[in-house]
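Trainee: As given, the protein sequences belong to chains W and F, one line each in that order. Those letters in the first sequence? Residues 447 to 941, by my numbering. Those letters in the second sequence? Residues 447 to 941, by my numbering.
Honestly, I wouldn't trust all of these hints.
What the hints assert, rightly or not - Think about it this way: if two alpha-carbon atoms lie no more than 25 Å apart in a straight line, the pair counts; the simulated PhoX-like pairs of lysine-lysine are:
1) F:Lys459 to W:Lys459
2) F:Lys830 to F:Lys563
3) W:Lys459 to F:Lys653
4) F:Lys787 to F:Lys459
5) W:Lys458 to F:Lys459
6) W:Lys931 to W:Lys941
7) F:Lys830 to W:Lys653
Since the hints were made in silico from the structure, they are not lab data.
For reference, the chains in residue letters:
Number of protein chains: 2
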Amino acid sequence: MSAFEKLIKHSKKVSNFSHLASICGWDQASMMPAGGAEARSEAMAELSVHIHGLQTQPQLAEWFNDAENEALNTEQQATLREMKRSWQQANVLPEELVEAQSLAGSKCEHAWRSQRKENDWVGFEKNWAEVVKLSQEEAKIRSEATNLSPYDAMLEIYEPGTSSASLDIVFDDVKRWLPEMIDQAIEKQASESLITPSGRYPTAQQKALGLEVMQLLQFDFNHGRLDESVHPFCGGVPSDVRLTTRYNDSEFVQSLMGIVHETGHARYEQGLPKHLAATAAGEARSMGIHESQSLFFEMQLGRSAAFIERLASLCTQHFTNQDAAVFANDNLQKIYTRVQKDFIRVDADELTYPAHVILRYEIERDLINGVISYNDVPELWDTKMQHYLGLSTAGNYRDGCMQDIHWTDGAFGYFPSYTLGAMYAAQFMASMEQSVDVQGVIRSGDLTPIFDWLQQNIWSKGSLLTTDELVKQATGDVLNAKHFKAHLQQRYLNK
Amino acid sequence: MSAFEKLIKHSKKVSNFSHLASICGWDQASMMPAGGAEARSEAMAELSVHIHGLQTQPQLAEWFNDAENEALNTEQQATLREMKRSWQQANVLPEELVEAQSLAGSKCEHAWRSQRKENDWVGFEKNWAEVVKLSQEEAKIRSEATNLSPYDAMLEIYEPGTSSASLDIVFDDVKRWLPEMIDQAIEKQASESLITPSGRYPTAQQKALGLEVMQLLQFDFNHGRLDESVHPFCGGVPSDVRLTTRYNDSEFVQSLMGIVHETGHARYEQGLPKHLAATAAGEARSMGIHESQSLFFEMQLGRSAAFIERLASLCTQHFTNQDAAVFANDNLQKIYTRVQKDFIRVDADELTYPAHVILRYEIERDLINGVISYNDVPELWDTKMQHYLGLSTAGNYRDGCMQDIHWTDGAFGYFPSYTLGAMYAAQFMASMEQSVDVQGVIRSGDLTPIFDWLQQNIWSKGSLLTTDELVKQATGDVLNAKHFKAHLQQRYLNK
């Protein structure tokens with residue numbers, strides 16, 4: 447057996463255990479009763495330790511060395527590159543640091559759940575200082591191993607090949623036009639009237655509607671299912687994708703578009719190359735590309751005129767005894783494109799969302815690079831919020847720098863993926879529209895040409911290409927914020 | 447760390463992986479879409495290999511040796527005894543035999559699924575000969591390791607401490623009175639009229655009823671849940687018990703009593719000693735004792751007059767727009783105690799069921815002990831069916847010796863557990879009734895005293911006692927078929 451074959455075999459073993467972790471993780475979030483939590487945590491921790499043990503087996507170093515001297519075709523070379531990347535990431539940190547981070551992160555996150563409600567920055571800061579310190583250590587080690595800046599080395603975990611230099615370029619571009627565009631959109635919408643849902647939308651009806659929308663989006667129910675969880679997500683494995691949503695009986699807007707969003711993630715997973723299943727090259731390219739698929743579904747398809755027409759008609763069929771004026775085409779479009787300056791990222795609309803992300807990016811970049819200190823964050827947050835969205839968070843930590851879970855356990859480098867995803871999605875749509883009549887296809891009810899394009903250009907590529915190669919092959923260009931700008935202008939300012 | 451402590455730590459590790467296997471197994475049967483099967487099988491097989499690897503780690507032998515010389519209290523001694531038993535069982539068979547059995551069993555079982563439908567004994571026999579041969583080899587090895595007869599060594603897997611000599615005594619007792627009692631019951635019921643369900647019983651209504659019955663039976667929903675699967679079972683882990691049932695819209699009888707049955711299994715699991723969780727002494731005592739709890743719920747409680755009264759009343763509440771005569775107290779009692787001689791074990795009633803089991807026991811005992819050959823089975827089956835139930839299966843393999851899945855993959859020694867369970871259940875009830883007014887308690891709607899008795903005498907004991915000790919401490923006697931006989935006489939002949 448060649449070294450490459452040994453690596454593939456090993457990779458499949460790791461993948462088998464990860465499969466169990468995914469399914470049990472989904473179960474934990476969507477099925478498990480509260481009393482099962484303790485034993486489950488122990489079992490999952492045992493599994494994590496085992497997987498980490500497999501990923502750090504000493505003989506792997508030799509296999510990687512040997513495999514690099516073996517005759518491999520292009521696909522095998524890409525597979526080797528991705529396996530090695532994931533092996534390096536699993537091996538770069540000393541065990542003691544990983545354990546210290548796990549402890550500090552759990553402690554900080556757990557306390558944050560009540561501290562946030564109580565707006566208790568002083569309490570939070572005590573735990574968070576340790577989390578930041580350990581993340582800086584992590585970044586330093588990753589930096590030495592990769593010859594990247596500390597923050598770029600963290601970014602590499604989520605967005606391989608993306609540097610803060612390139613982020614600065616696209617985000618600076620966005621910063622130049624976004625605040626003004628937000629003001630213009632709000633001004634334009636100020637005179638519009640809009641009817642918000644006020645009736646009861648039973649869960650069973652919302653679910654039936656959601657399933658029909660998933661069918662329209664050609665979700666493969668032979669390889670996945672829809673359930674409920676407090677925090678919606680897309681989990682499971684490519685051959686069995688587990689999607690969740692959350693229903694609120696007093697409105698349908700969130701769960702409906704939430705399902706469209708998660709179906710985008712799901713179809714990416716379902717469309718990954720089957721012949722590379724269970725190897726690193728068969729996995730999704732990056733967090734940003736994953737988000738580009740969910741946002742392609744939610745923003746590019748889901749909020750487009752033709753799709754809203756379909757949703758309006760489906761709502762009328764599924765929600766009986768409701769005020770039909772809510773689902774009227776025009777009204778639904780207004781609901782789903784309403785712009786509002788607000789404090790909270792997770793509730794933000796398409797247009798203001800990038801401001802929330804860029805703010806976080808700039809702060810975490812400087813924090814991890816050691817340019818600022820953890821206790822500078824509240825003031826910086828306030829300044830930037832005022833600058834980008836005209837809102838002050840002075841003294842309001844709860845709705846300011848304490849609002850997100852990410853930083854509480856050290857997930858620095860993750861935030862940019864959201865807006866990268868939105869920008870990639872716009873660029874993919876611009877490119878797709880050159881060969882596909884997207885709105886016409888949606889109106890026909892058979893969206894196959896849209897999914898064929900995504901399958902061919904994105905899903906089937908797995909991680910065979912780098913992100914830049916992927917985007918360039920699909921669109922003829924590397925990431926360019928102009929597509930995102932044009933999309934937002936067209937949608938929010940009719941330009 | 448003492449050797450005993452090392453063993454406990456190791457046992458918890460194995461238990462953590464078994465936890466994942468249980469949850470993913472439940473998922474496979476109740477949640478997973480068909481397209482997920484292939485990848486799941488691979489992941490589950492990988493996990494099995496890993497668990498087997500842990501159970502056969504070479505250092506365990508030394509730890510067991512050392513632990514036996516350590517100062518242990520009574521509970522620790524019992525824990526050590528049970529850990530050692532399960533270790534010996536995992537280590538006694540050579541890998542090649544286990545693999546050969548797995549292959550032959552899968553092949554035979556897979557082919558059986560169509561061969562049974564086609565009544566194809568000749569085709570089946572070809573695969574089955576190999577399964578029997580390998581099981582005989584297994585029994586021989588187990589026999590040498592335990593100084594038991596080959597069949598008793600197989601029985602030991604499911605019913606530790608139970609010998610065929612003791613089974614012969616109780617089963618011979620049953621055989622003396624059962625055939626006549628069946629005839630008398632059928633004669634008695636011949637003149638009774640009975641209304642069978644004929645309407646539609648929507649799944650949602652059946653489920654709501656089932657959940658209410660589980661509440662009456664004090665199932666702990668903080669540590670478990672109810673779902674659906676083709677073959678109902680009770681899975682999961684003690685802190686999170688996963689129960690399933692199967693709904694048929696055209697009748698409610700099966701799913702309702704099926705839920706009562708599985709709830710018996712579930713409460714046993716939920717009631718196991720928590721301080722011994724994840725060690726062998728904290729597990730259920732045996733298959734027979736497990737079945738005694740499900741049959742205590744289904745037969746002793748579930749079909750008793752007071753419980754049927756409750757069910758009748760609950761059915762009337764849950765099934766609206768149905769013919770209420772079906773749920774009338776008397777009629778429901780008749781439905782649930784109808785006796786009928788038939789070919790199929792899984793459809794058999796309480797009274798004829800032991801005949802099906804004793805027939806299988808006698809055949810598998812002689813087969814594994816080498817007294818008969820695999821191709822003697824059809825004729826023996828026919829003879830015994832005629833003898834016990836007056837039915838001939840000559841030429842009818844499908845409804846005869848090819849009806850069960852157990853033997854197709856070599857699970858010899860399992861069948862006696864069903865009737866042992868029924869007998870233990872009757873004996874537990876006889877004993878409980880000396881201190882608890884069972885029917886009065888059921889009529890009060892608060893069944894706590896019943897469950898307190900079971901918790902104290904059965905559930906909390908885990909595997910700390912041997913089966914004989916457990917039964918003797920709970921009832922003052924080892925297993926005695928007279929309680930079962932008295933119960934059946936009273937229920938079916940009003941004696």
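Trainee: Evaluate each hint against the coordinates.
Mentor: Verification of the supplied hints:
1. Proposed proximity of Lys459 of chain F and Lys459 of chain W is supported: the alpha carbons are some 19 Å apart, at most 25 Å.
2. Proximity of Lys830 of chain F to Lys563 of chain F is assessed by CA-CA distance (about 23 Å); at most 25 Å being required, the pair is judged to hold.
3. For the given pair, Lys459 of chain W sits about 39 Å from Lys653 of chain F by alpha-carbon distance, which is inconsistent with the 25 Å threshold.
4. Our distance criterion of 25 Å between C-alpha atoms is broken by Lys787 of chain F and Lys459 of chain F, whose separation comes to about 48 Å.
5. For the given pair, Lys458 of chain W sits about 22 Å from Lys459 of chain F by alpha-carbon distance, which is consistent with the 25 Å threshold.
6. For the hint pairing Lys931 of chain W with Lys941 of chain W, the CA-to-CA distance comes to about 11 Å; that is within 25 Å, so the pair holds.
7. For the suggested pair Lys830 of chain F and Lys653 of chain W, the alpha carbons sit about 54 Å apart, so the restraint of at most 25 Å is broken.
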